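Undergrad: From first to last, the protein sequence lines are chains S and C. In terms of the numbering used here, the first sequence opens at residue 1 and continues consecutively. In terms of the numbering used here, the second sequence opens at residue 1 and continues consecutively.
If you're looking for bench data, these hints aren't it; they were derived computationally from the structure. In this text, all values refer to a predicted model and were calculated from it rather than measured experimentally.
Straight line, CA to CA, 25 Å or less: simulated DMTMM-like cross-link-like pairs of lysine to aspartate or glutamate:
(1) K187(S) / E375(C)
(2) K60(S) / D99(S)
(3) K124(C) / D135(C)
(4) K141(C) / E246(S)
(5) K187(S) / D205(S)
(6) K232(S) / D358(C)
(7) K187(S) / D355(C)
(8) K60(S) / D114(C)
(9) K187(S) / D373(C)
(10) K232(S) / E361(C)
(11) K36(C) / E95(C)
(12) K124(C) / E246(S)
(13) K60(S) / E39(S)
(14) K403(C) / E321(C)
(15) K187(S) / E211(S)
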Amino acid sequence: MAAALVAAAPLSAALRVVTTTTDLAALVAAVGGDLVTVESIVPAGADPEAFAPRPGDLGKLRQAVLLVRVGLGYDYWLDALVNQTGEKRLMRGGDAYLDASAGIPLLELRGQSVVNEGGHAHGVANPHYWLDPESAIIVTAGIAEALVRIAPGRRDTILANRQRFLSDLETRRARWSRTLAPLVGVKLIAYHNSWPYFARRFRLDVIGFIEPRAGVAPSPAHLARLISAGRKAGVRAILLEPYEPEDASRFVAQRLGVPLVRLAISVGSLAGTDDYLALFDHNVAALASALGARSP
Amino acid sequence: MSGMSDALAFLALPFAASVVFVLMHAYLGVHVLRRKIVFADLALAQLSALGATVAFANGYAATSAAGLGYAFLFTAMGAALLTATRGLARLVSQEAFVGIVYVVATAATILVVDRSPQGAEHVKKILVGSILTVDAADVAKFTALYAAIGLLHWLVRRPLLALSSETAPAGAIRVAVWAWDFAFFLSFGIVVTSSVVTAGVLLVFSLLIVPAVIGSIFSGKLPVVLLIAWSVGIAACAAGLAGSYALDLPTGAAMVTALAGFLLLAGLVKVLIVVGAEQRRANLRIAVNAGAAATLGALLASSVWLMINPTGDQPLLALVETATGAGPARFLGPNERETYESATRDVVRFQAEVDRLDAMEKAARYQGTPLSDDEIRRIASYQQSFNEMTRGERFVQEVLQGKARTRARWIIGVPATLIALAGLLWLTRRHWK
Chain S
1 MAAALVAAAP LSAALRVVTT TTDLAALVAA VGGDLVTVES IVPAGADPEA FAPRPGDLGK
61 LRQAVLLVRV GLGYDYWLDA LVNQTGEKRL MRGGDAYLDA SAGIPLLELR GQSVVNEGGH
121 AHGVANPHYW LDPESAIIVT AGIAEALVRI APGRRDTILA NRQRFLSDLE TRRARWSRTL
181 APLVGVKLIA YHNSWPYFAR RFRLDVIGFI EPRAGVAPSP AHLARLISAG RKAGVRAILL
241 EPYEPEDASR FVAQRLGVPL VRLAISVGSL AGTDDYLALF DHNVAALASA LGARSP
Chain C
1 MSGMSDALAF LALPFAASVV FVLMHAYLGV HVLRRKIVFA DLALAQLSAL GATVAFANGY
61 AATSAAGLGY AFLFTAMGAA LLTATRGLAR LVSQEAFVGI VYVVATAATI LVVDRSPQGA
121 EHVKKILVGS ILTVDAADVA KFTALYAAIG LLHWLVRRPL LALSSETAPA GAIRVAVWAW
181 DFAFFLSFGI VVTSSVVTAG VLLVFSLLIV PAVIGSIFSG KLPVVLLIAW SVGIAACAAG
241 LAGSYALDLP TGAAMVTALA GFLLLAGLVK VLIVVGAEQR RANLRIAVNA GAAATLGALL
301 ASSVWLMINP TGDQPLLALV ETATGAGPAR FLGPNERETY ESATRDVVRF QAEVDRLDAM
361 EKAARYQGTP LSDDEIRRIA SYQQSFNEMT RGERFVQEVL QGKARTRARW IIGVPATLIA
421 LAGLLWLTRR HWK
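Can you build the whole structure from these sequences, using the hints too?
TA: Here you go:
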């Protein structure tokens with residue numbers, strides 16, 4: 001009797017998946033459905049690049065059957081954490097390790113080194129690829145493959161879940177593109193270089209950044225140049241992420257007479273961005289309403 | 001011309017704010033210096049930041065009534081704590097308690113903000129502030145607040161100054177001493193609470209202490225100290241703001257550095273100018289000797305290091321090479337020199353290619369036909385190759401540089417060591433007799 005219960009447990013118990021960010025957690029939830037319980041190490045709305053892991057994260061990692069990370073140096077702190085667990089399967093190349101950036105068409109490949117500069121690691125390529133909805137197709141393929149490997153018996157469910165998610169994504173993506181169509185080529189200034197993938201997909205032009213080097217306050221000469229470049233280019237909005245300071249962005253926005261648009265960089269970082277598709281619903285609507293584009 | 005007017009438009013408000021800050025903070029700094037508790041401002045500022053953070057964590061904006069209330073409450077608690085430590089100061093230095101208050105308040109702030117998304121940003125903002133983006137309403141607010149507190153301090157200047165001086169009033173009633181102490185710390189706390197939000201802890205600390213120290217170097221009389229502190233403080237802020245604009249530097253950090261520069265200058269003026277002729281000659285001799293000894297010491301260490309490990313990091317040699325424009329070419333054969341120069345050219349060329357591909361991709365985001373994923377991948381792999389090739393050329397440069405330095409090892413190392421040794425021996429000749 002007891003033996004039967006123990007044997008049955010792995011089938012009914014949900015697979016524990018740990019991700020570094022809420023965006024990957026949302027994608028794992030979309031593919032895994034009821035089969036998985038997923039938890040992000042970085043809480044919703046916190047800055048993953050300024051994140052400091054805590055002791056409880058070690059326990060989460062040890063219990064995980066799958067670990068999914070952003071890669072590209074974005075969650076560089078994960079390596080030290082995984083080393084602490086001493087579990088080979090969670091390390092690069094291990095069975096339970098998935099780098100979601102595999103296969104993504106990468107932008108802005110500077111390739112200096114993987115060493116993070118001042119706590120900020122834009123060494124390899126710009127890491128904000130989840131902000132392109134098309135990236136979700138590649139990322140969910142990797143997740144589905146890993147889950148099928150772990151639970152081969154649930155293959156059909158996993159693939160069906162992914163298919164459902166992708167068809168929903170396709171419908172909404174068409175709507176997002178329609179909403180933003182009048183804004184093709186619109187000039188924007190962002191606080192930090194987080195939007196190249198989003199800009200590529202929706203054909204926007206981010207001409208400059210308030211804080212060119214993360215963690216270093218902008219100099220007055222930089223802001224002056226940015227304002228004059230913004231005036232010349234006809235910048236129409238300043239993009240701001242939830243955890244970034246407002247002072248400098250508001251200053252530039254006031255001088256240019258354009259709105260500040262608060263966009264969610266991660267699932268859960270703003271109200272109403274609780275899953276991956278809602279993240280884009282929110283960002284597209286915020287941008288469209290600030291710039292006066294009508295929803296079709 | 002337009003650059004000039006641009007700069008003025010940008011810096012007028014921050015300069016106005018820093019003048020207001022200097023007037024209030026330099027005065028309080030004199031008090032703090034006399035009380036020998038220079039870190040009291042950090043402790044109080046951090047406590048008020050903790051209050052603001054607790055309010056923030058409870059869902060109140062920092063500028064709301066509740067936010068200000070929390071900040072004020074914590075500042076008042078800090079003032080009470082600092083007042084209480086005067087009694088303990090007979091056992092241990094009061095500075096020790098001030099330090100403890102600061103560190104614990106900082107740690108508590110980190111614990112409180114840990115639960116909120118903007119935590120890291122909040123802590124950073126408290127440190128560096130954002131004086132560059134101060135607005136006119138803020139400056140007016142600061143002026144009104146500081147005028148009120150300044151007036152209050154003027155009215156009760158006698159007991160406050162007596163308490164700040166070494167000789168506490170003999171036979172003064174204990175309770176009165178405590179009450180005045182508390183009043184001082186409370187008003188002090190209100191000032192730093194308000195200024196830290198705009199200027200950040202680093203700049204506020206510098207504004208409090210540096211002008212007051214400069215004033216105190218030259219005089220013991222309060223009016224003179226204040227006059228010097230105010231004018232030097234304002235000049236340093238102006239220099240910091242101008243430097244920040246001209247050299248493209250973060251404003252707060254540039255102002256802190258400018259204040260420190262003025263302090264160094266004031267120290268030199270004090271020992272080399274504002275002294276008797278004989279003393280001046282003696283000081284000048286000490287300064288020249290110290291400078292020479294430091295230079296020769298660095299030369300000695302650097303040339304010995306070159307002989308021990310020529311291929312290692314050679315910071316002084318690299319500095320000389322950069323300053324004189326003389327690369328390692330002198331110690332390379334014609335072929336090696338050609339290789340080194342072509343590697344230098346290629347590094348520039350490859351990086352230009354990476355930039356060109358970046359610009360092309362960026363333009364295609366919103367112009368013409370969008371690039372397909374495969375085209376993006378191809379660009380990325382070109383960029384990757386150029387980056388690898390750059391790294392290869394850099395490696396070639398490093399190898400050749402190491403080779404050149406290995407050859408220069410004895411040619412430069414031995415004479416430089418001998419010169420440095422001889423110079424040091426000559427400087428210390430009196431001690432050898």
